[in-house]
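Chemist: In order, the protein sequence lines correspond to chains A and B.
In case it helps, my numbering puts the first sequence at residues 1 to 302.
In case it helps, my numbering puts the second sequence at residues 1001 to 1306.
Treat the hints as calculated values from the structure; they're not laboratory data.
Where hints are given, some of them may not hold.
[Unchecked claim] Negatives, chain B to chain A, calculated, CB over 12 angstroms:
id: 1; residue: Asn-1070
id: 2; residue: Leu-1137
id: 3; residue: Gly-1259
[Stated by the list, open to error] So, partial list: chain A residues that the calculated Cβ filter (under 10 angstroms) puts toward chain B:
id: 4; residue: Ala-42
id: 5; residue: Thr-77
id: 6; residue: Val-284
Built from N, CA and C at the ideal position, the CB exists for glycine as well.
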Amino acid sequence: MATREAGLPPAAPAAAADAGASTRRRGWLRRYPVLPMVVLMAVLFVPALFSDWLAPHDPYQSYLRNRLQPPVFWGGTWEFVLGTDRLGRCVLSRIMYGARYALAISLVGIVLGAVIGTALGLIAGYLRGWTDIVAMRLVDISLALPSVLLALALAAAWGPSFQAVIIVVAFVLWAYFARQVRAEVLSLRERDFVARARVAGASNGRIIWRHIFPNVVNTVVVMATLQIGVVILLEASLSFLGIGVPRPTPAWGLLVADGRQLVVSAWWISMFPGVAILLTVLSVNLLGDWLRDRLDPKLRQV
Amino acid sequence: MQRFLVVRFLQAVISLWAITLIVFALTHLTGSPVDALLPDDATPDQAERLIRHWGLDRPLHEQYLTFLGNALQGDFGESLKWRGRTAMGVVLERLPATIQLGTVAVLLSVVIAIPLGVVAAVNRDTTIDSTANVVALLGQSLPQFWLGIVMIWVFAVLLGWLPTSGRGGIEHMVLPAIAMASFQIAALTRLTRSAMLEVLDSEYIKLARLKGVPEWLVIWKHALRNAAIAPLTYFGILAGAILTGSVVIETVFAWPGTGLLAIDAIRGRDYPVVQAVVIFFAVVFLLANYLVDALYAYVDPRIRFA
């Protein structure tokens, strides 16, 4: 989703000039993020934080006598609302616990990528010279490597693991942060307050940390939010392929993979985790669009 | 322009070199590769002979240089899983299947997304536009592998219209191609739409309308030609996305291409093939990006001096 877009100016000015009844009607979903937020809370945050209390069953518990139960509206019972899988584990509980892993992996991966990327962007943008050149070449190289390649190589070497997924996520993201932060730093460093700080004798490190960094935080946070959807999709795809999160963790991608062979008879095993992923990513994308429109139209990308 | 091309080419070469380093490091520094080759009851003596045979007792940098030298000639050794075939040979053998699927997916993307983007931009803020935007948003939010599974369930199992998997005639290609193209259609629609919106606002379009050029000509000839720059350069990313998408889609639909090969090789711990596939993917990816950069610099002179 984060494509390499070279300089398409945002369509924002045209939109602002167009304000009228039709825009107000059509754009309501974009302007009032209530619906995506509610969905996101319901599907991602609440299960992730409170699954210990809310989930009807233990996600790892097999109820061997109740294998392949259909969901309650398809001929099943209320005991297993969304049915059970091949080993008799409750699908709903697994989805709820899966939210934890989706959230945790995205957060850790994004934070790691953001920290590394921002740090490098700050240093490269402020110091310029050789540091800048080397850093930008590194960014280009990183952007040229497709994430799947790295995941494949890691999977072949380590086997599926949490570390591998987080490293892949951080590796995919850091370059975008670095590039954006550097661009902002380049313009910030010419401003008066930086010159005054320099005159006052502040060291480079202090200037970067106390003066420049607070001004880029906004952008970084918006970028980070925009990436959550991408990361969840990435983690789900990797897990689905068997090169992401290890079994028997109830990560959503793995849940879909579990049900693949049985989609003919027990469609619910693959279907509902996929719906969870879809709703989460959709809500995050809508929220991200809204956030970006509000805070920082500079970041308008495809 | 020349300088730009040369610089970009050198960058691509460096990227490729970095990838060979990563690939080599990962497969050689995480446990001895010999373990995968030996039966469980091998004596230490047999293990040693095998190590010497594969040159694994040489210093690491020497091993890397040998690896690099061989790789440059396209020699990645023999496949461990598919006996008697070279690693690169296996990759090349499965390549046509992926190309076939990828081409259909790309064609599908272009044929659907560009007109959709144009129509959405022209009929801005109407129902058509909203629908297109919703479709685009959905396409970017759907997990591709799940879409594939759902489509198999609906069209192959419930309705029985199309086969569930495997390679064959046109009916086998429909579902995988659509699944593969879903994300691209969404992204391309959005890109076309925003590019068109920008172009439609410009002076020469207003002039054309004032001159009395029929509206459809204004849109589809004059505006689209200028707006098409951005989507065209997206095609480089498209190539990469098709490759990475192929890994997932081919797994879901059991399509015998390089993507499925990669997964099989990983599961079977077939290191030579994994190396060959990764490097091959990397070369294609870098080549596509390079071509895109060159195209974009040719079209938009501002880029050359960035």
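Chemist: Please go over all the hints and tell whether each is borne out by the structure.
Modeler: Evaluated hints:
| no. | hint | in the structure |
| --- | --- | --- |
| 1 | Asn-1070 | holds (18 angstroms) |
| 2 | Leu-1137 | violated (6 angstroms) |
| 3 | Gly-1259 | violated (9 angstroms) |
| 4 | Ala-42 | violated (16 angstroms) |
| 5 | Thr-77 | violated (23 angstroms) |
| 6 | Val-284 | holds (8 angstroms) |
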